[in-house]
Amino acid sequence: MISKTAKSAKKMSQVTPLETPINEQVLLMPVKPLKVLITRPKAKAQQLALLLNQQGIVNTSQTLFDYQKNASAHDIATALENADILIFVSVAAVEFAHASYPLPNNLSQTIFAVGNATKKALQAIGMTTILSPPPQQEHSEGLLKLPQLSKVIGKRIIIFRGNGGREHIANSLTLRGAEVRYIESYQRVWRTLPIIIAEQWRAQKINCIVVTSNDILLALLKYLASTTNSTDNYWQSQCLWVVVSDRIEKNAKALGLKRVINTHGASSQILCNTLQALSCS
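In the numbering used here, the protein residues as written are 1 to 281.
Simulated from the structure, these hints should not be mistaken for laboratory data.
Take the hints with a grain of salt, since some may be wrong.
Said to hold, decoys possible - Calculated cross-link-like contacts (lysine-lysine; reagent style DSSO-like; alpha-carbon spacing at most 30 Å):
(1) Lys253 <-> Lys42
(2) Lys35 <-> Lys258
(3) Lys205 <-> Lys258
(4) Lys120 <-> Lys155
(5) Lys222 <-> Lys253
(6) Lys32 <-> Lys205
(7) Lys222 <-> Lys42
(8) Lys35 <-> Lys253
(9) Lys253 <-> Lys205
As the list claims (entries may be wrong) - Computed beta-carbon distance windows for the label pairs:
(10) Thr192 <-> Ser108: 18 to 24 Å
(11) Tyr234 <-> Ser150: 44 to 50 Å
(12) Ile195 <-> Thr129: 46 to 52 Å
(13) Asn229 <-> Arg181: 43 to 49 Å
Glycine included, C-beta positions come from ideal geometry on N, C-alpha and C.
Go ahead and model the full structure; you've got the sequences and the hints to work with.
Shown next as C-alpha cells:
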C-alpha cells in the first residue's frame, strides 16, 4: 500500500510544462547551474524546496519573518455576526483565525479565498462553498474580477489578513459601495539576519532568488544593502529574481533589479515550472 505521503510526493513530482512564457532576453543570460534562494514563509518554502529537489535544482531557504496570533476570539465572533461576505487573503489568515476562534463549517456568509492554497486551507477546516479566482489570477486583482464581488452596495465585508499589507481589495470594494472591515488574525514578526547569512549565500553561489511579496522584496533588499559593499552590484545586476505578480515586477525593476522574471502566479508548482525551464535553458 502506498502511503499518503508517498502519494503526495508522487503527485508533486509531476511537473507540467511551463505555462508562463519567460522573457527570451533574460533566458539568454547564463544562470547555470541554477542555485535558488527561497524566501517564502516556512511551510510554503518547504513545499517549493521539495519540488525543486525532485527536479535536481539546488536550493536553500531563508524565511524572513515568523507569524504569531493577533486577533481575539471576541473580535472574530463579533465580526462573523455582522458580516455578509468573508474574504480570506492567505493560508495564515485562515489558520490563525481558526486557532483563535474555531470557524464553523456552516457559515451563512459568502466566502472568498484569494487563491487556491487559501481555498484548500478553508476546505481543511470543513468549509465547502468557497469562491476564488482561476489559476494565473490568484491575487487581489483576480479576486476583484469575480462577478460575485461586482455588486456589493450595502454589503458588510470582513477581510481576514495579517497586520499591514495592501489596501487594494478594501479600497476597491468600498468604492463599489460596501462596508469593509479587517480582522488581522496574525502579525508578521520580522527576523534580524546576521551578516554571515548573506556571506553564505555568496559562498553558495546563489544566482536566483524567489520573492512572493513586496514586503519580502523590500526587506530583503534592505538587508542585502546593509551587508554588501557599495561597489558590489551582484544582487542587482547579475542575480535572477523570480517574482509572482506584475506589481512586484514593477517594483523590483524600479528598485534597480535588472533580471526579473514574472511567473504571474504564486503556487509552488508554477514557481517550480519556471525554475525548471530556467535550469534547462
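(message) Output the indices of the hints that this structure fails to meet, ascending.
(response) Hint 10 is the one this structure does not satisfy, whereas the remaining hints hold.
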